[in-house]
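J.: Let the sequences and hints guide you as you build the complete structure.
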Amino acid sequence: MRAQPELSDRPFALSSGAGERAEIVSVSPEAIRRGVRRGQSVAEARSLCAALDVQVVSPALEQAARGALLDAALSCSPRAELEPRRAGPYAGEAAVSADASGVASLFHGEAGFATALAQRAAAVGLPTRVAVASSRGVARVAARRLEADGETCLLAAGAESAFLASLPVDVLDPDDALAERLTRFGIHTLRDLLRLPLDSLAARLGPAALSLAAQARGECDLPPPAAPAETRFVESIDLEYPAERLEPLLFALQGLLSRLLARLEVRHLACDELTLALDFAGGGRDVRRIGVSAPTRELRVLVRLAAQSLESQPPRAAVCGAGLETRGAPLRRDQLDLFRPPGPAPGALAPALAELASLCGASRVGAPALADHHHPDALAIRPFAPATCDATPATDAGAFRLALRRLRPPALAEVQLRSGHPSRIRSAVCSGRVLRCAGPWRTTGGWWSREGRFAFDHFDAQIEDGTVARLRYDHVARTWQVDGVYD
Amino acid sequence: MSPTPDARVDALLRDLGSRLRRGSHEAARQTSGGRRHPTGLADVDALLGGGFPAGRLCEIAGSLSSGRTSLALALLAQATRAGEWTAFVDVADAFDPSSAHAAGVALPHVLWVRPQDSRQAARACARLLELRGFALIALDLPPPRQLALPPAAWQRLARAAAASGTSLIVLSEQRLTGTSSSLVLETRCARAQWSGMPALLEGLEIEAQVARMREGPARRIAAVRLCAASRAA
Chain V
302 MRAQPELSDR PFALSSGAGE RAEIVSVSPE AIRRGVRRGQ SVAEARSLCA
352 ALDVQVVSPA LEQAARGALL DAALSCSPRA ELEPRRAGPY AGEAAVSADA
402 SGVASLFHGE AGFATALAQR AAAVGLPTRV AVASSRGVAR VAARRLEADG
452 ETCLLAAGAE SAFLASLPVD VLDPDDALAE RLTRFGIHTL RDLLRLPLDS
502 LAARLGPAAL SLAAQARGEC DLPPPAAPAE TRFVESIDLE YPAERLEPLL
552 FALQGLLSRL LARLEVRHLA CDELTLALDF AGGGRDVRRI GVSAPTRELR
602 VLVRLAAQSL ESQPPRAAVC GAGLETRGAP LRRDQLDLFR PPGPAPGALA
652 PALAELASLC GASRVGAPAL ADHHHPDALA IRPFAPATCD ATPATDAGAF
702 RLALRRLRPP ALAEVQLRSG HPSRIRSAVC SGRVLRCAGP WRTTGGWWSR
752 EGRFAFDHFD AQIEDGTVAR LRYDHVARTW QVDGVYD
Chain W
19 MSPTPDARVD ALLRDLGSRL RRGSHEAARQ TSGGRRHPTG LADVDALLGG
69 GFPAGRLCEI AGSLSSGRTS LALALLAQAT RAGEWTAFVD VADAFDPSSA
119 HAAGVALPHV LWVRPQDSRQ AARACARLLE LRGFALIALD LPPPRQLALP
169 PAAWQRLARA AAASGTSLIV LSEQRLTGTS SSLVLETRCA RAQWSGMPAL
219 LEGLEIEAQV ARMREGPARR IAAVRLCAAS RAA
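Just so you know, the sequences run in chain order V and W.
Residues 302 to 788 in the numbering used here are what the first sequence lists, from first letter to last.
Residues 19 to 251 in the numbering used here are what the second sequence lists, from first letter to last.
There could be a bad hint or two in this list.
Some chain V residues near chain W, calculated using beta-carbon distances under 7 Å [said to hold, decoys possible]:
| # | residue |
| --- | --- |
| 1 | I333 |
| 2 | R335 |
| 3 | P645 |
| 4 | R665 |
| 5 | V666 |
| 6 | A668 |
| 7 | R702 |
| 8 | L703 |
| 9 | R706 |
| 10 | P710 |
| 11 | L713 |
| 12 | Q763 |
| 13 | T768 |
| 14 | Y787 |
| 15 | D788 |
It is worth saying that the hints were derived from the structure and are not from the lab.
In this text, all values refer to a predicted model and were calculated from it rather than measured experimentally.
From the three backbone atoms N, C-alpha and C, an ideal C-beta is built for every residue, glycine too.
T.: Below is the structure:
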């Protein structure tokens, strides 16, 4: 439903596999109204509803939905956990437990907490039913009893037993063997179960029955939910057909990014760095990192960055699955200084930087820095964050300095020598007789590496066409180059 | 008897003539808010009436080794030392951090954007102007044969600069902005200075001439000679 919200008003079901004999594991409300139920075969379901749209369960989408549910819970409470997957009638259920202690004051009581949780789950594309109770087990049972999505339920402390008494034993989801034995003994409701003496219950039905009785009394042996150890947001999808061109792949990625950003927004986070994983039809995987210059929630910026990455490094085969992962980061909120000139609005700078990075390339936007390297072409760019830096430069700007315009890449040149100095030059930048020349100054480094070694002889030269240039002889490539012009 | 139309026009001109003058300094201060960005070079700042006007499209045009890049870095140095935010949109990919640092530019206060073509450069400039908060944006362009910006683009950028209060300084080999710019400064190299034995390059003597000034004194001011100090050791 998150990936295809247009199906929410149509009869739709998920099956455990392909084929008519596969079992229905999850059903939309519209399909329920037409008589389709969990556990039926696909053929039986289609006989009840001819317009039923059946799709095979996608583990990737299910995992992402469970993650989104957890995010919605964590947006309301710092401690939340996903409930383990269940078998049987609750196989298609996704449940999360959130600790509501101490947070009720933020939401004007537990009712407000439940409503907020339902709303935030809806914001990430998940219709939910929320129940608040004194224990995890009772809350889960109460939520299962709600009839419609978006409903909430509050159970006051001490009212658990009365609530549970009239419910069938199946609501506690006992294993099949125990359920059959209870049925044979005529135990149908939890009230019936609690009437049995505990000693004989354990002796006749085993320790599982004791645990069931404890749950029936509203007790819970599960610890309260804990805060998650790490924050990860993962969205993935299995494509219906392998994508051989970029356009359908980008369309799928746009959907993934949209859902990812919805989850980030509900947690008040932004996307700072993406990991894109592509699964290929013939096997194999391509994992690549997409850098974002500043945390952003702008969908078009992230789509453009992903498109740039795919265009610069196209997938080597048809793609059958894609996944996006990010850890999330707070949106940068730079506080301006009262005693310095004002800059851009703090909340507007980060999206603008991300947009510029998507336009020009992530490595081509930032603050320049002095490269800690001897190679004359070394380049260093740092994140642009002037609000955190002191404006005073290291050098005194009293003198008017002559600047060098770099040539990237350096322009090749043909040079004639006289007495070891350039006497005539021909290049795309400057040509003619060399009027004056100074040098050479030798720069070397990286001698320990065959690939990284370099050795240059630099000259300052005044050319008859009026250009004052910096020439260099590359001893490794054995070529003359113009690597800069004094301007 | 009511005055004739000619008499009314004469009276109007008599009343306004003392306050209206083509390109008066007072008018310039009113339209640009009086704010100027100095280069730190007294002769150049005097030539420009205090510096480059805020919120205007300006241009520094000159061939290679004419000193336009050094002027631009001096401008950035003054602005960044005052704590202003600046940007360098480097289409030519010629910005040298070492030279900028030696010129006194506070590098953390410079946003270096390296677009790969003129379309990206125009969009980057427009986005930065829309963002506001930058005192100066320098747009360094490659030789004209590699550039494809229509005249309408300069008009849009000039309007955006006026709306944001940011000075957009275009660096080019030939004049490109046409009538869209408020100020055009042309530079040329007078001579290169060599000294010592063996001779080392000490610097360049450059000349800067105001080729166009929309808001300024009616008379063109003569060229000014500058001597550039040598590069830092």
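J.: All hints are to be evaluated individually against the structure, with a verdict given for each.
T.: Quick rundown of the hints versus the structure:
Of the supplied interface hints, the one on I333(V) is violated, with its beta-carbon coming no nearer than about 50 Å to a beta-carbon of chain W, more than 7 Å. Nearest Cβ of chain W to the Cβ of R335(V): about 52 Å, over the 7 Å cut. The hint is violated. Given the 7 Å rule on beta carbons, the hint for P645(V) holds: about 3 Å separates it from the nearest Cβ of chain W. Using the Cβ-Cβ criterion of 7 Å, the hint placing R665(V) at the interface with chain W is satisfied: the shortest such distance is roughly 4 Å.
Given the 7 Å rule on beta carbons, the hint for V666(V) holds: about 5 Å separates it from the nearest Cβ of chain W. Residue-level restraint check for A668(V) holds (minimum Cβ-Cβ distance to chain W is 5 Å; threshold 7 Å). Given the 7 Å rule on beta carbons, the hint for R702(V) holds: about 4 Å separates it from the nearest Cβ of chain W. Nearest Cβ of chain W to the Cβ of L703(V): about 5 Å, under the 7 Å cut. The hint holds.
Because the smallest distance between the Cβ of R706(V) and any Cβ of chain W comes to about 4 Å, under 7 Å, the interface hint for this residue holds. The beta carbon of P710(V) is not positioned within 7 Å of any beta carbon in chain W (closest approach about 9 Å), and the interface hint is therefore violated. Among the interface hints, the one on L713(V) is violated; its C-beta lies about 17 Å from the nearest C-beta in chain W, farther than the 7 Å criterion. Checking Q763(V) against chain W by beta carbon gives a least distance of about 5 Å; that is within 7 Å, so the hint holds.
The beta carbon of T768(V) comes within 5 Å of a beta carbon in chain W, closer than 7 Å, and the hint placing it at the interface holds. For Y787(V), the interface hint holds, the least distance from its beta-carbon to any beta-carbon of chain W being 6 Å, beneath 7 Å. A hinted interface residue such as D788(V) counts as satisfied when its beta carbon comes closer than 7 Å to some beta carbon of chain W; here the least separation is about 4 Å, so the hint holds.
When the structure is compared with the earlier hints, violations turn up for hints 1, 2, 10, 11 and for no others.
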